[in-house]
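S.K.: As a plain string of letters, each chain reads:
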Amino acid sequence: QKEVEQNSGPLSVPEGAIASLNCTYSDRGSQSFFWYRQYSGKSPELIMSIYSNGDKEDGRFTAQLNKASQYVSLLIRDSQPSDSATYLCAVQGQAGTALIFGKGTTLSVSS
Amino acid sequence: DAGVIQSPRHEVTEMGQEVTLRCKPISGHNSLFWYRQTMMRGLELLIYFNNNVPIDDSGMPEDRFSAKMPNASFSTLKIQPSEPRDSAVYFCASSLAEKYGYTFGSGTRLTVV
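Top line first, the protein sequences correspond to chains A and B. Residue numbers for the first sequence, in this note's numbering: 1 to 111. Residue numbers for the second sequence, in this note's numbering: 1 to 113.
So that you can see chain A by itself, here it is in the shape it has in the complex (with noise of 0.2 Å):
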């Protein structure tokens, strides 16, 4: 059974400090990363994604993909209210295959 396993929160951080998501996933093949955002409420959406090990930044959100470790991360610089949501982690296997998602992290973003 293909995993991918995420610290459901809720992850409480000041506004403007740095929010860690971080989630793990077992098959080894895997080739695409995901991460989306999900308003209580409403569809994910997506947000960002990784291919190859290493940090992908755009805007305030970077990714950062080990392959080795089987470790995806999303960083939130200058957190904002705004930002308070679930997010879902999503990792494609081998091509070909649907994504499989993760719980969700619950973010909360205090004023």
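Hints are not guaranteed to be accurate.
Pairs of lysine to aspartate or glutamate residues, derived as EDC-like cross-links and limited to a Cα-Cα distance of at most 20 Å, are as follows [claimed, not checked]:
id : chain 1 : residue 1 : chain 2 : residue 2
1  : A       : Lys67     : A       : Glu5
2  : A       : Lys56     : B       : Glu98
3  : A       : Lys2      : B       : Glu18
4  : A       : Lys42     : A       : Asp83
5  : A       : Lys103    : A       : Asp27
6  : A       : Lys103    : A       : Glu5
7  : B       : Lys24     : B       : Glu98
8  : B       : Lys99     : A       : Asp58
9  : A       : Lys103    : A       : Glu3
10 : B       : Lys99     : A       : Glu57
11 : B       : Lys78     : B       : Glu44
12 : B       : Lys24     : A       : Asp27
13 : B       : Lys99     : B       : Asp86
14 : B       : Lys68     : B       : Asp86
15 : B       : Lys78     : B       : Glu62
16 : B       : Lys99     : A       : Glu45
17 : B       : Lys78     : B       : Glu98
18 : A       : Lys67     : A       : Glu57
19 : A       : Lys2      : B       : Asp56
20 : A       : Lys42     : A       : Glu57
21 : B       : Lys78     : B       : Glu18
22 : A       : Lys2      : B       : Glu44
23 : A       : Lys103    : B       : Asp86
24 : A       : Lys2      : B       : Glu98
25 : B       : Lys24     : B       : Glu14
26 : A       : Lys67     : B       : Glu98
27 : A       : Lys103    : B       : Glu44
28 : A       : Lys103    : A       : Asp83
29 : A       : Lys2      : A       : Asp27
30 : B       : Lys99     : A       : Asp27
31 : A       : Lys103    : A       : Glu45
32 : B       : Lys78     : B       : Glu14
33 : A       : Lys42     : B       : Asp63
34 : B       : Lys68     : B       : Asp56
35 : A       : Lys42     : B       : Glu11
36 : B       : Lys99     : A       : Asp55
37 : B       : Lys78     : B       : Glu11
Interface residues of chain B toward chain A, partial, derived using beta-carbon atoms under 10 Å [said to hold, decoys possible]:
id : residue
38 : Gly16
39 : Glu18
40 : Tyr35
I should point out that these hints are in silico values taken from the structure, not numbers from a laboratory. Small disclaimer: the values here were computed from a predicted structure and weren't measured. All residues carry an ideal CB built from backbone N, CA and C; glycine is no exception.
Assemble the complex: chain A is given as a structure, and chain B must be docked to it using the hints.
M.R.: Same frame as chain A, now just chain B:
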């Protein structure tokens, strides 16, 4: 683009009744996915289609669930008969290519009483 369109947004039905959920993917997207989300189990893949052909239906819980994609612009997920444990939010998503990730619809909140 209108995005992925799902209907209905909410459905309340009695145990034993048939339920049909509908999805219109984004035009040009060749992959369509049905997921179910609950607090306990998170987002679970039910089935996915590529070019209208079912590729992986291993997540379909049992014979009560069936899905079709008769053409590139329409898919249905049917539950017959429905049971209270089917209560969840059902999401449809579509994708142009794997590297672009998925775009999700607004979901259908199903309550079976």
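S.K.: Now look at each hint and say whether the structure bears it out.
M.R.: The hints, checked one at a time:
1. Restraint check: the Cα-Cα separation between lysine 67 of chain A and glutamate 5 of chain A comes to about 15 Å, which is no more than 20 Å; the hinted pair holds.
2. With a C-alpha separation of about 18 Å, the suggested pairing of lysine 56 of chain A with glutamate 98 of chain B holds against the 20 Å cut-off.
3. For the proposed pair lysine 2 of chain A and glutamate 18 of chain B, the alpha carbon gap of about 32 Å is over 20 Å, so the pair is violated.
4. Note on lysine 42 of chain A and aspartate 83 of chain A: the hinted pairing holds, with a Cα-Cα distance of about 14 Å set against a maximum of 20 Å.
5. For the hint linking lysine 103 of chain A to aspartate 27 of chain A, the alpha-carbon distance of about 17 Å falls within 20 Å, and the restraint holds.
6. Distance check on the hinted pair: lysine 103 of chain A and glutamate 5 of chain A sit about 7 Å apart at the alpha-carbon level, within 20 Å; holds.
7. The suggested pairing of lysine 24 of chain B with glutamate 98 of chain B holds, with an alpha-carbon distance near 19 Å, which does not exceed 20 Å.
8. For the given pair, lysine 99 of chain B sits about 16 Å from aspartate 58 of chain A by alpha-carbon distance, which is consistent with the 20 Å threshold.
9. For the proposed pair lysine 103 of chain A and glutamate 3 of chain A, the alpha carbon gap of about 10 Å is at most 20 Å, so the pair holds.
10. With a C-alpha separation of about 17 Å, the suggested pairing of lysine 99 of chain B with glutamate 57 of chain A holds against the 20 Å cut-off.
11. For the hint linking lysine 78 of chain B to glutamate 44 of chain B, the alpha-carbon distance of about 16 Å falls within 20 Å, and the restraint holds.
12. Proposed proximity of lysine 24 of chain B and aspartate 27 of chain A is contradicted: the alpha carbons are some 32 Å apart, above 20 Å.
13. The straight-line distance between the Cα atoms of lysine 99 of chain B and aspartate 86 of chain B is roughly 31 Å, outside the 20 Å bound, and the hint therefore fails.
14. Proximity of lysine 68 of chain B to aspartate 86 of chain B is assessed by CA-CA distance (about 19 Å); at most 20 Å being required, the pair is judged to hold.
15. Taking the CA atoms of lysine 78 of chain B and glutamate 62 of chain B, the gap is near 12 Å; set against the 20 Å cutoff, the hint holds.
16. Taken as a hint, the lysine 99 of chain B and glutamate 45 of chain A pair is honoured in the structure, with Cα atoms around 15 Å apart against an allowance of 20 Å.
17. Using a Cα cut-off of 20 Å, the hinted pair lysine 78 of chain B and glutamate 98 of chain B is violated, with the two alpha carbons roughly 26 Å apart.
18. Simply put, lysine 67 of chain A and glutamate 57 of chain A have alpha-carbon atoms about 18 Å apart, close enough for the 20 Å limit, and the pair holds.
19. For a cut-off of 20 Å, the pair hint linking lysine 2 of chain A to aspartate 56 of chain B stands: about 15 Å separates their Cα positions.
20. Our distance criterion of 20 Å between C-alpha atoms is broken by lysine 42 of chain A and glutamate 57 of chain A, whose separation comes to about 25 Å.
21. Pair hint lysine 78 of chain B plus glutamate 18 of chain B holds up; C-alpha atoms about 7 Å apart against a cutoff of 20 Å.
22. A hinted pair counts as satisfied when its Cα atoms are at most 20 Å apart, and lysine 2 of chain A with glutamate 44 of chain B qualifies at roughly 12 Å.
23. Between lysine 103 of chain A and aspartate 86 of chain B the CA atoms are separated by roughly 18 Å; this keeps the pair inside 20 Å, and the hint holds.
24. The hinted pair formed by lysine 2 of chain A and glutamate 98 of chain B meets the criterion: a straight-line CA distance of about 18 Å does not exceed 20 Å.
25. Proposed proximity of lysine 24 of chain B and glutamate 14 of chain B is contradicted: the alpha carbons are some 26 Å apart, above 20 Å.
26. Between the alpha carbons of lysine 67 of chain A and glutamate 98 of chain B the distance comes to roughly 19 Å, so the proposed pair stays at or under 20 Å and holds.
27. Proximity of lysine 103 of chain A to glutamate 44 of chain B is assessed by CA-CA distance (about 9 Å); at most 20 Å being required, the pair is judged to hold.
28. Taken as a hint, the lysine 103 of chain A and aspartate 83 of chain A pair is honoured in the structure, with Cα atoms around 18 Å apart against an allowance of 20 Å.
29. Between lysine 2 of chain A and aspartate 27 of chain A the CA atoms are separated by roughly 6 Å; this keeps the pair inside 20 Å, and the hint holds.
30. Distance restraint check for lysine 99 of chain B and aspartate 27 of chain A: the Cα-Cα separation of roughly 18 Å lies within the 20 Å cut-off, and the hinted pair is therefore satisfied.
31. Annotation: proposed proximity of lysine 103 of chain A to glutamate 45 of chain A holds, straight-line Cα distance about 15 Å (limit 20 Å).
32. Under the criterion of a C-alpha separation no larger than 20 Å, the hint pairing lysine 78 of chain B with glutamate 14 of chain B is consistent with the structure, at around 15 Å.
33. With a C-alpha separation of about 29 Å, the suggested pair lysine 42 of chain A and aspartate 63 of chain B falls outside the 20 Å cut-off, and the hint is violated.
34. For a cut-off of 20 Å, the pair hint linking lysine 68 of chain B to aspartate 56 of chain B stands: about 13 Å separates their Cα positions.
35. Between lysine 42 of chain A and glutamate 11 of chain B, the direct Cα distance comes to roughly 16 Å. Compliance with the 20 Å bound is thereby established for this hinted pair.
36. For the hint pairing lysine 99 of chain B with aspartate 55 of chain A, the CA-to-CA distance comes to about 17 Å; that is within 20 Å, so the pair holds.
37. Among the hinted pairs, lysine 78 of chain B with glutamate 11 of chain B is consistent with the structure: their alpha-carbon atoms are about 13 Å apart, no more than 20 Å.
38. Hint status for glycine 16 of chain B relative to chain A: violated, with the closest Cβ pair at about 28 Å, above 10 Å.
39. For glutamate 18 of chain B, the shortest C-beta to C-beta distance to chain A is roughly 25 Å, which exceeds 10 Å, and the interface hint is violated.
40. At its closest, the beta carbon of tyrosine 35 of chain B sits 8 Å from a beta carbon of chain A; the interface hint therefore holds under the 10 Å criterion.
The structure fails to meet hints 3, 12, 13, 17, 20, 25, 33, 38 and 39 from the earlier list, while all remaining hints are met.
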